[in-house]
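Colleague: These are the residues of each chain, in order.
Number of protein chains: 2
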Amino acid sequence: MNHKKQVPLSRANRLINHGPVILVTCIDPSGNGSPGKANIITLAWNMVLSMSPPMVGIALGRGRYSHELIEKSREFVVNIPSIDLLEATWGCGRVSGRKEDKFARFKLTPLPARRVAVPLIAECSGHMECLVKEAVETGDHTLFVGEVVEALADPSLFSDHWVETERGIQTIHHLGGSLFLHQGKVVDVRHPNQ
Amino acid sequence: MNHKKQVPLSRANRLINHGPVILVTCIDPSGNGSPGKANIITLAWNMVLSMSPPMVGIALGRGRYSHELIEKSREFVVNIPSIDLLEATWGCGRVSGRKEDKFARFKLTPLPARRVAVPLIAECSGHMECLVKEAVETGDHTLFVGEVVEALADPSLFSDHWVETERGIQTIHHLGGSLFLHQGKVVDVRHPNQ
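As you go down the protein sequences, you meet chains A and B in turn. All the letters of the first sequence, read from the start, carry residue numbers 455 to 648 under our numbering. All the letters of the second sequence, read from the start, carry residue numbers 455 to 648 under our numbering.
It is worth saying that the hints were derived from the structure and are not from the lab. Be aware that one or more of the hints could be misleading.
[Claimed, not checked] Under the rule of at most 35 Å between Cα atoms (straight-line distance), these lysine-lysine pairs were calculated in the DSBU-like manner:
| # | chain 1 | residue 1 | chain 2 | residue 2 |
| --- | --- | --- | --- | --- |
| 1 | B | LYS639 | B | LYS553 |
| 2 | A | LYS639 | B | LYS639 |
| 3 | A | LYS459 | B | LYS639 |
| 4 | A | LYS639 | B | LYS561 |
| 5 | A | LYS458 | B | LYS639 |
| 6 | B | LYS459 | A | LYS639 |
| 7 | B | LYS526 | A | LYS639 |
| 8 | B | LYS561 | A | LYS526 |
| 9 | B | LYS526 | A | LYS587 |
| 10 | A | LYS491 | A | LYS458 |
| 11 | B | LYS561 | A | LYS561 |
| 12 | B | LYS587 | A | LYS587 |
[Unchecked claim] Where chain B lies over chain A, by a calculated footprint (3+ residues, C-beta under 8 Å):
| # | region |
| --- | --- |
| 13 | 508 to 516 |
| 14 | 614 to 625 |
Only a predicted model underlies this, so the values are computations on that prediction, with no experimental measurement involved. Here a beta-carbon is modelled for each residue, glycine too, at the ideal position from N, C-alpha and C.
Start from the sequences, fold in the hints, and give me the full structure.
Modeller: Here you go:
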């Protein structure tokens, strides 16, 4: 939960370029209180869609509570968890926000965003604040296409790109079922033997 | 280049669920020879878009030669390279197929697919044969949405999911610039200490 630093929008794509699982936050714009009742959904299905303007896509099953919220509020935040949030990442994908407040259940802290009404998750390592530009039906999911209007990251883990720590790269990647990839190492193709 | 085994279409999503960089093959349907002049493009921007029917998305810059080919032929193959193909993966993203035959240049072997006219890359570890269902303009890229009609993988590396070898998971993930993540380990969130 270190202090976050702004990431230039031209580099925001690198927050998810390597395919991590993400925690997407969204709000019910008609909810009571401010900034509205916030929810969290775990998504492996995400990608970069454009460099300029910076855009990303997230796919949600059409029955999901977060699908309903993003359709209404037209905003979302992509939060990138590190391996220390593995259990919360798993849990947020298995509990419905219709029934439970996932921030409370998984001891996560909502933090005001700069450009959208949706909160960030303070414990995550990187964030992208997004405005929905399009929603495309693809089979049993909807792809929400968002323009990234603000990006932030923990400078000890992301500095121009995700950096290798003593325990490798800290992001987590969903292999399927209850299995995740973590602790990947960095190789520079220009200097492969370093 | 082991013998490949069919992956059930209900599990095909797991070939790219964890966000690897892919090599997409495509052909010029108006080209001479059979199955037409094939090309290869390296893409970090890919994702799963639907479980049933199984669908994936790939984003291509609109000036790219492969963009032109996929628009014409409405087919593509997603090939997943292992770390031993790092240099070819890098190279196929930096050379244009308008000028060079990338199969020849990077010593890759085209292999007939089962359901599409586009060849597979024999040296890759997994493959998804796709039919284009939609093309969506997203900023400076086009998202091609493909239905997966056939999936194959090397059973020593993928068996229901990517498996950890002595040198970790063998797929590669693009961090940005010339940097890639590799050798990730597997953690099972249900048994995190094993």
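Colleague: Starting from the hint list further up, note which numbers the structure goes against and sort them upward.
Modeller: 1, 7, 8 and 11
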